[in-house]
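Protein chains in written order, with numbering that gives the first Met the number 0: chain A, 0 to 374; chain B, 0 to 148.
Just so you know, these hints were derived from the structure itself, not from any lab. You may find that some hints are simply not true.
[Said to hold, decoys possible] In silico BS3-like cross-links for lysine-lysine, where the CA-CA straight-line distance does not exceed 25 Å:
no.: 1; chain 1: B; residue 1: Lys70; chain 2: B; residue 2: Lys46
no.: 2; chain 1: A; residue 1: Lys140; chain 2: A; residue 2: Lys211
no.: 3; chain 1: A; residue 1: Lys160; chain 2: B; residue 2: Lys77
no.: 4; chain 1: B; residue 1: Lys70; chain 2: B; residue 2: Lys4
no.: 5; chain 1: A; residue 1: Lys184; chain 2: B; residue 2: Lys4
[Claimed, not checked] Derived contacts from chain B toward chain A, CB cut-off under 10 Å, selection only:
no.: 6; residue: Tyr18
no.: 7; residue: Glu25
no.: 8; residue: Lys37
no.: 9; residue: Lys46
no.: 10; residue: Lys60
no.: 11; residue: Glu131
[What the hints assert, rightly or not] The following label-pair restraints were derived from C-beta to C-beta distances:
no.: 12; chain 1: A; residue 1: Asp212; chain 2: B; residue 2: Asp138; range: 41 to 47 Å
no.: 13; chain 1: B; residue 1: Lys71; chain 2: A; residue 2: Thr151; range: 48 to 54 Å
no.: 14; chain 1: A; residue 1: Lys178; chain 2: B; residue 2: Ala74; range: 37 to 43 Å
no.: 15; chain 1: B; residue 1: Lys77; chain 2: A; residue 2: Gly344; range: 42 to 48 Å
no.: 16; chain 1: B; residue 1: Lys71; chain 2: A; residue 2: Asp174; range: 36 to 42 Å
no.: 17; chain 1: A; residue 1: Lys234; chain 2: B; residue 2: Ala148; range: 49 to 55 Å
no.: 18; chain 1: A; residue 1: Leu189; chain 2: B; residue 2: Asp138; range: 23 to 29 Å
Where a beta carbon is used, it is the ideal one built from N, C-alpha and C, also for glycine.
Here is how the chains run, residue by residue.
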Amino acid sequence: MATGAKRVRWRILIWLLPLQVLIFAGFEVWVESRLAANAERERPALARETPPPLDAQVRTVRIATAALCAVVLLTTAFTVRRQLEHHLRRPLMRMLASAEALGSGERQRPIRRPRQPGLALLADALNQSAERIAEQKREIKENARLAGVGQTVAGLSHTLKNVLNGLRAGQFVIDRALKTGDEQKLRKGLRVTRSSMRRIERLIFDMLNYVKDRDPRRESLDPNRIVRSVVAELKGMAKGWKIELRTETDEAIGPAELDRMEIYRALVDLATNAIEACTEGGQGDLVVLGSRGRPDEIELSVSDNGIGMTEEVLASLYTRFVSTKATGGTGLGMVVVKKIVDEHGGTIAVDSAPGEGTTFRIRLPRTGGAGKTAP
Amino acid sequence: MLESKDVLIVDDSEECVIYLTEILEELGCPYRVARNGKEGMEAVRAKTPDLVLLDLMMPQKGGIAVYQEMKKDPALEKVPIFIITGASEATGVDMISGKPLPADTYGDDFSRRFGVKVHGQIKSIAPDVFIEKPIDHEDVMRRIREVLA
Numbered sequence: 000m001a002t003g004a005k006r007v008r009w010r011i012l013i014w015l016l017p018l019q020v021l022i023f024a025g026f027e028v029w030v031e032s033r034l035a036a037n038a039e040r041e042r043p044a045l046a047r048e049t050p051p052p053l054d055a056q057v058r059t060v061r062i063a064t065a066a067l068c069a070v071v072l073l074t075t076a077f078t079v080r081r082q083l084e085h086h087l088r089r090p091l092m093r094m095l096a097s098a099e100a101l102g103s104g105e106r107q108r109p110i111r112r113p114r115q116p117g118l119a120l121l122a123d124a125l126n127q128s129a130e131r132i133a134e135q136k137r138e139i140k141e142n143a144r145l146a147g148v149g150q151t152v153a154g155l156s157h158t159l160k161n162v163l164n165g166l167r168a169g170q171f172v173i174d175r176a177l178k179t180g181d182e183q184k185l186r187k188g189l190r191v192t193r194s195s196m197r198r199i200e201r202l203i204f205d206m207l208n209y210v211k212d213r214d215p216r217r218e219s220l221d222p223n224r225i226v227r228s229v230v231a232e233l234k235g236m237a238k239g240w241k242i243e244l245r246t247e248t249d250e251a252i253g254p255a256e257l258d259r260m261e262i263y264r265a266l267v268d269l270a271t272n273a274i275e276a277c278t279e280g281g282q283g284d285l286v287v288l289g290s291r292g293r294p295d296e297i298e299l300s301v302s303d304n305g306i307g308m309t310e311e312v313l314a315s316l317y318t319r320f321v322s323t324k325a326t327g328g329t330g331l332g333m334v335v336v337k338k339i340v341d342e343h344g345g346t347i348a349v350d351s352a353p354g355e356g357t358t359f360r361i362r363l364p365r366t367g368g369a370g371k372t373a374p
Numbered sequence: 000m001l002e003s004k005d006v007l008i009v010d011d012s013e014e015c016v017i018y019l020t021e022i023l024e025e026l027g028c029p030y031r032v033a034r035n036g037k038e039g040m041e042a043v044r045a046k047t048p049d050l051v052l053l054d055l056m057m058p059q060k061g062g063i064a065v066y067q068e069m070k071k072d073p074a075l076e077k078v079p080i081f082i083i084t085g086a087s088e089a090t091g092v093d094m095i096s097g098k099p100l101p102a103d104t105y106g107d108d109f110s111r112r113f114g115v116k117v118h119g120q121i122k123s124i125a126p127d128v129f130i131e132k133p134i135d136h137e138d139v140m141r142r143i144r145e146v147l148a
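Okay, chain B solo, but in the shape it has when bound (with noise of 0.2 Å):
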């Protein structure tokens, strides 16, 4: 049934790449590797997947952007994304500067879910998925079959 199917993981960091790359072939599932959001974008406009596993912290262009980026286009919209990061939902910590964040963007379930602070542009967009480091292979597995079936 996965085998069908496509998923792109965006992600710099080699272990995470490592990792998904092994539940993926523990699933059966095709897939594609990006090491940054621009390579990412990228191989989303050259072939549409069915699943993109995006990581928040990355050279070139973020996860943030990319999440951005594709919920702009009307062709892209649809693809769902797992946000897979180190951030927790309750440090509260802006990764970019590691302060904890304004009560404000706090308050908002972005910004609060994925302990980032936001540009004021994405306000009240709610993740498709939020995947929380160290990465629980079967919980992760159980997503994919979830999203995919």
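Bound conformation, chain A alone (with noise of 0.2 Å):
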């Protein structure tokens, strides 16, 4: 109402401009004759004085009028310029930042529709392309999903066809090993049906954790306790191996806010990687679970002198049902352990060459972040 009765108001001083110029004009020569006559009728009496010259009278309302016509004029001009912005500039340059907006996405609703005729084309224009985007963008997404539900099931029936295997030779073994009385190859098929099961139970549990989505339930604590209980869970498991599992911890580290299962998770699935790495070439036998504190962030370490990784492997790390796993992984570990990173915002690299062993390092900011620091 205000910015109504605003525009209003300049709206009848535009207008009044050229009549206060006339006005003004008007008025001058009123005066000028005024002068005249007054100077015709007094003449005679004011002869022994010395009147002012009637030109010098006259020059002095001419240039009070010029005056107040330049003073008429600038504010004409000013007003113009006042109504210009008002009615021209804003509109568009509002226009224009809800152009930006829209076409950099952040903006969803419409623009709004301005006054002015020309300018209202120009929005109804804007806001149907606007849609037209909306709408190809959803098809995209759309897309997208599709591709992305058809490389999970191209990638789950490739896992679940390699497991399938897996109960097949088991089931094979044992076939033949009834049929021969053997004993031992029985044990064997039974260890190969049993080995694929565990890998079933595996691809589920991972499945589960590659597709929940949540924020880490972070508290404060020290990210040794995590290594060390990593090493106490793998330690049979190294030693059935032959191989030293040894921790190289920062005892300086100082506490971090993390999701003590969840790393917890990710450390073991690492080391379990490790000691796979040292047993499948043969030629590996430490695995170094280790830890270091900086500032701002701490850095969790696992690496071993195992087969390592070519450049092959290296690229398709992360990708999911992607598995070169002898004894068979689900191609999601990497996968949950770079997603677990993710959600404490940290970092993973790998340093990795054939024949010679594997480092990964996950780096975690100690805190979760701008308001989420410990008490």
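Got two chains here, separate frames each, mind docking them using the hints?
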């Protein structure tokens, strides 16, 4: 309402300006004529005195009038500028900002239609384009979703085929063992079957972890405690393979806000991979779990001197359903590890060479970001 | 008849190796096992086998590289190779990246049949025999008998 009243006031002022100029001009003519008449009338009476010359008086009035006209013109120019600003520049700038916001995908609402007919048409055209862009975006998203579903199904079927292959292998070995009465072979067949079943269990667990979308449950803790519990968990496995499992922890690492279970899971996965990397080539004998403290972040590392990875394997490290493990992975382990690190706002880096070994380094911020710091 | 033959298994998967060795034992056929492509090539060069059962995805050296190397070598090019993989003919998915194959490589016989993106150099090579996982042992035994007969 206030802006409406202001707009009306400005409009009246604009229309009154020429009238004002006319009034000033008329006033000047009238003053000049009055001065001239007075001069005529008073000349005999004031003959002894020396009255100011008429020309000087007229000049004064003319200068005053010119000054008034200048003021009026300046006011007009100023008013016109204000009006242009109000009617064109501001709505245009608003539309420009809206169009930019639409283009960058920030804005979802349509552009407000200005009152000016030309600008309103422009706003309509922009809104229509925005609608078309939004529609195309929805189509692209849907296509990507379908492609993702296709990839997941293809990847999952690839993993399941491998698991089924293991089950068939087990069944074939058991059949032959039963035919020949070979107990050792029977055990071998059962071992293969059991391993395939474990793989299905792990696949289900990994899949659930993969699709689970949640913020980490952070608690302030000593990261070395997680490292120690991972070592305790895998000590038996490492011993069985005659592999040394060593820790190289930074005792002054200090506390960090982490999801204990998730980080534990990620480290167990990496350390298990490291042990298996040692057994696969038959050359590795050492797995080291390390930790290091930095001012704003902590670093957890898992190194092995096992088989190492080729560039091809490294390229598909975080690709779903791609596994290069001899014992058969689910193809989701590393994907879940990366997901856990991402959820913590951290980074994961790998350094590996075939025949030399692999080192994974996970860097995690000490706190969950602004507003989530420890009390 | 098969007792005098020599079959080389090149596969890193423990289960698959157990499966294939059982199949060969059932056939009464001697075999050797290599755990990756590098070992496989060493074994092939040490003694030319009568048949190679080759996995595609392996550490050290992949099956495609072994296939290429053997086909380029005049002494080894005649050795029949069975390629064993979990990639389906129908999926058209790149096993390395997990992404769908682009149309141009998909149209290529080798990549289409292997479900693997092939980088230029081995186009238009038809594999000797393509065995899809899960392995059907009766089918594999029949094929081995045919090739080694």
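Can the restraint linking Lys184 (chain A) and Lys4 (chain B) be considered satisfied, given a maximum Cα separation of 25 Å? Measuring from Cα to Cα gives roughly 24 Å; hence the hint holds.
Leu189 (chain A) versus Asp138 (chain B) beta-carbon gap, inside 23 to 29 Å or not: holds, 25 Å
Given a hint of 42 to 48 Å, does the C-beta separation of Lys77 (chain B) and Gly344 (chain A) actually sit inside it? violated, 58 Å
Determine whether the Cβ-Cβ distance between Asp212 (chain A) and Asp138 (chain B) falls within the hinted range of 41 to 47 Å. Given a distance of about 43 Å, which is inside 41 to 47 Å, the answer is holds.
Double-check Tyr18 (chain B) for me: the hint is only fine if its C-beta lies closer than 10 Å to a C-beta in chain A. holds, 3 Å
Would the pair Lys70 (chain B) and Lys46 (chain B) pass a check requiring their Cα atoms to be no farther apart than 25 Å? holds, 16 Å
Let me know if the C-beta of Lys46 (chain B) comes in closer than 10 Å to any C-beta of chain A, holds or violated. With a closest approach of 22 Å, the Lys46 (chain B) hint is violated.
Is the hint on Lys37 (chain B) kept, meaning its closest Cβ partner in chain A is under 10 Å away? holds, 9 Å
Interface hint check: Lys60 (chain B), Cβ to nearest Cβ on chain A, cutoff 10 Å. Holds or violated? holds, 8 Å
Is the Cα-Cα distance between Lys70 (chain B) and Lys4 (chain B) 25 Å or less? holds, 21 Å
25 Å Cα cutoff - pair Lys140 (chain A), Lys211 (chain A): holds, 21 Å
Agreement of Lys160 (chain A) and Lys77 (chain B) with the hint, judged by alpha carbon distance not exceeding 25 Å: violated, 30 Å
The structure is inconsistent with the numbered hints 3, 9, 13 and 15, although it conforms to all the rest.
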